[in-house]
Amino acid sequence: MKLGKVEFCHFLQIIALFLCLSGMNQAELSRSRSKPYFQSGRSRTKRSWVWNQFFVLEEYMGTDPLYVGKLHSDVDKGDGSIKYILSGEGASSIFIIDENTGDIHATKRLDREEQAYYTLRAQALDRLTNKPVEPESEFVIKIQDINDNEPKFLDGPYTPGVPEMSPVGIIKTALPNMDREAKDQYLLVIQAKDMVGQNGGLSGTTSVTVTLTDVNDNPPRFPRRSYQYNVPESLPVASVVARIKAADADVGPNAEMEYKIVDGDGLGVFKISVDKDTQEGIITIQKELDFEAKTSYTLRIEAANKHVDPRFQSLGPFSDMTTVKIIVEDVDEPPVFTSRLYSMVVSEAAKVGTIIGTVAAHDPDVLNSPVRYSIDRNTDLERYFNIDANSGVITTAKSLDRETNAVHNITVLAMESQNPAQIGRGYVAITILDINDNAPEFAMEYETTVCENAQPGQVIQKISAVDKDDPPSGHQFYFSLTAEAANNQNFTLQDNKDNTASVLTRRNGFRRQEQSVFYLPIYIVDSGSPSLSSTNTLTIRVCDCDADGIAQTCNAEAYILPAGLSTGALIAILACVLTLLVLVLLIVTMKRRKKEPLIFDEERDIRENIVRYDDEGGGEEDTEAFDMAALRNLNIIRDTKTRRDVTPEIQFLSRPTFKSIPDNVIFREFIWERLKEADVDPCAPPYDSLQTYAFEGNGSVAESLSSLDSISSNSDQNYDYLSDWGPRFKRLADMYGTGPDSLYS
Numbered sequence: 003m004k005l006g007k008v009e010f011c012h013f014l015q016i017i018a019l020f021l022c023l024s025g026m027n028q029a030e031l032s033r034s035r036s037k038p039y040f041q042s043g044r045s046r047t048k049r050s051w052v053w054n055q056f057f058v059l060e061e062y063m064g065t066d067p068l069y070v071g072k073l074h075s076d077v078d079k080g081d082g083s084i085k086y087i088l089s090g091e092g093a094s095s096i097f098i099i100d101e102n103t104g105d106i107h108a109t110k111r112l113d114r115e116e117q118a119y120y121t122l123r124a125q126a127l128d129r130l131t132n133k134p135v136e137p138e139s140e141f142v143i144k145i146q147d148i149n150d151n152e153p154k155f156l157d158g159p160y161t162p163g164v165p166e167m168s169p170v171g172i173i174k175t176a177l178p179n180m181d182r183e184a185k186d187q188y189l190l191v192i193q194a195k196d197m198v199g200q201n202g203g204l205s206g207t208t209s210v211t212v213t214l215t216d217v218n219d220n221p222p223r224f225p226r227r228s229y230q231y232n233v234p235e236s237l238p239v240a241s242v243v244a245r246i247k248a249a250d251a252d253v254g255p256n257a258e259m260e261y262k263i264v265d266g267d268g269l270g271v272f273k274i275s276v277d278k279d280t281q282e283g284i285i286t287i288q289k290e291l292d293f294e295a296k297t298s299y300t301l302r303i304e305a306a307n308k309h310v311d312p313r314f315q316s317l318g319p320f321s322d323m324t325t326v327k328i329i330v331e332d333v334d335e336p337p338v339f340t341s342r343l344y345s346m347v348v349s350e351a352a353k354v355g356t357i358i359g360t361v362a363a364h365d366p367d368v369l370n371s372p373v374r375y376s377i378d379r380n381t382d383l384e385r386y387f388n389i390d391a392n393s394g395v396i397t398t399a400k401s402l403d404r405e406t407n408a409v410h411n412i413t414v415l416a417m418e419s420q421n422p423a424q425i426g427r428g429y430v431a432i433t434i435l436d437i438n439d440n441a442p443e444f445a446m447e448y449e450t451t452v453c454e455n456a457q458p459g460q461v462i463q464k465i466s467a468v469d470k471d472d473p474p475s476g477h478q479f480y481f482s483l484t485a486e487a488a489n490n491q492n493f494t495l496q497d498n499k500d501n502t503a504s505v506l507t508r509r510n511g512f513r514r515q516e517q518s519v520f521y522l523p524i525y526i527v528d529s530g531s532p533s534l535s536s537t538n539t540l541t542i543r544v545c546d547c548d549a550d551g552i553a554q555t556c557n558a559e560a561y562i563l564p565a566g567l568s569t570g571a572l573i574a575i576l577a578c579v580l581t582l583l584v585l586v587l588l589i590v591t592m593k594r595r596k597k598e599p600l601i602f603d604e605e606r607d608i609r610e611n612i613v614r615y616d617d618e619g620g621g622e623e624d625t626e627a628f629d630m631a632a633l634r635n636l637n638i639i640r641d642t643k644t645r646r647d648v649t650p651e652i653q654f655l656s657r658p659t660f661k662s663i664p665d666n667v668i669f670r671e672f673i674w675e676r677l678k679e680a681d682v683d684p685c686a687p688p689y690d691s692l693q694t695y696a697f698e699g700n701g702s703v704a705e706s707l708s709s710l711d712s713i714s715s716n717s718d719q720n721y722d723y724l725s726d727w728g729p730r731f732k733r734l735a736d737m738y739g740t741g742p743d744s745l746y747s
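Count along the sequence shown from 1, add 2, and you get the number used in my numbering.
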């Protein structure tokens, strides 16, 4: 009879339970604390406990609690006077005991893999007194194993890597020479069974993904035998010309390649390098290209693997060759000068139109277009030089001065006649040669003093000279007194022959009261060819000196000061006087402004007073900027306001009061009445009553400027009095006067 899986498990549990009980009985007999059952000549001896361990089968799936074993004491007579108590691991939660019979049951499924045994303690108590009738004893419940766990692979799924073309190993290949380039992954399912594969055993599976790793078994190959690229001749050095790549079915380090130019006429013009990311060969320019010199280049390029596996050298050479042809395209280039920098010299005495030198440029293209020259005026702002547009001859356009600018750096532009957009630039440095055109002069402004007690032959000043010129052999100056001063009795001059001279006294006893200042003319000559000279005057002041010859006072006026009054005190007094004068002038000016009349005198500037009110109304709700009571007061009598600058001939009578009407009507009527008054007023001129005269100040060519817009008037006002206001109002008098000389009548 064939059993199913469930029936087979129950069968195993029954067998295990039988073995457990039989083993328990053996253990009880071997570990009993009482004497043997029978002794010779004696009756059976009483036993306290008849157990020490129990066995129970794991994974019990029944509905009733699993019977484990029974506890019994010889004191128990079966009358219910003894009760049994269970304690220890799993008591009450996993294992329960019938306190009357001592039967032990397991209430939960047990798993040996989680816990293999439980240690418990049992005790028999008198039910009435609750006192132990036996000492507490310990026993063990062991869990019996069943085959309830299938084999498991701990690290699955697995992804091992096997080099392609590998020999036989632990995992054997079923096909020879497996090629990664054809298929690089294989999926395997491996099963493991326990119980040596017998019936009733369990099994587990895992997956193994076998990846074929790469080896260098494929040589590089160029897809094409030749390539061609067009490159403009204007491409700068280090620019990329082309990218080529040899195909290699391998990956990683096995696909790394090296490129090199092995032959061709462009070995020194081009170079090739490898792009480590894409393994491409990058061709770049090493030298400038020139279509006019060479129109094409041919390169033989080799690509080879960096890492060659000697096991696969039989598959062929791991390198390949290709040909690259580079065509140079013509580009319209700007003219090129024969020299990058021209150096020229010219004397600063050169006349206007003197030829300095010549520059030359040519069109490098095949057409060889004619070239026209010009000077970049940003480099010659003062326009010192000119250039012939056809020949490139540079001449002077203005007088030159080396002392102003010793070197002129100009830029010459060369332009193609047929394409003016193509412009070449040449650089010219023009050095100005020096001539002796500047006379020598004092090196500084000297402040020379002589003491009143100076002795004859005493040096009072050492002078030197400077010259703006720059002779090649250096400066050499000669000093002497002029002919007029050569025989003076006060001072003499000594030339030190080292471009300096010393001024000496001829007498003693200088007195400030007699003469406080001396002027000594000194004649200086340079060593140029021709030599130039100049006369420079040295001012010498007579001073009162102390015992060490240091000047104390050099002003002759000091002798006329009162005794005991120092210079500082005099300055303080003068400052106080000036302050008082300023205060008086301010007070007088303020008083004059306050008393200034409204009508100006004839000799004063006539300007109308303009009063500005910075008061901005707030619309209909603004009742502060205007007295609204004047509008709302129905009994108000509005007197006619006359102009201050015109004497009215007719006075308006007072107008009747407004009737009691709404405010908006009052405002409208008020404005309308004012408008009619302005229209019918015979005393008002036809222009605004506010005139503005903009006066530019005394001495202005335009003199006074009027804002009058009209040159005629129908008013009866007499403006003849304008003729009496001076020349600044002559134009107004001519326009509005009625005399015979008036411009308009």
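Be aware that one or more of the hints could be misleading.
List of simulated lysine-lysine pairs, DSS-like, C-alpha gap at most 25 Å [to be verified]:
1. Lys353 - Lys400
2. Lys133 - Lys110
3. Lys154 - Lys72
4. Lys327 - Lys296
5. Lys85 - Lys72
6. Lys85 - Lys110
7. Lys464 - Lys400
FYI, nobody ran anything at the bench for these hints, they're computed from the structure.
Tested hints:
no.	hint	in the structure
1	Lys353 - Lys400	holds (8 Å)
2	Lys133 - Lys110	violated (31 Å)
3	Lys154 - Lys72	violated (39 Å)
4	Lys327 - Lys296	holds (13 Å)
5	Lys85 - Lys72	holds (13 Å)
6	Lys85 - Lys110	holds (24 Å)
7	Lys464 - Lys400	violated (41 Å)
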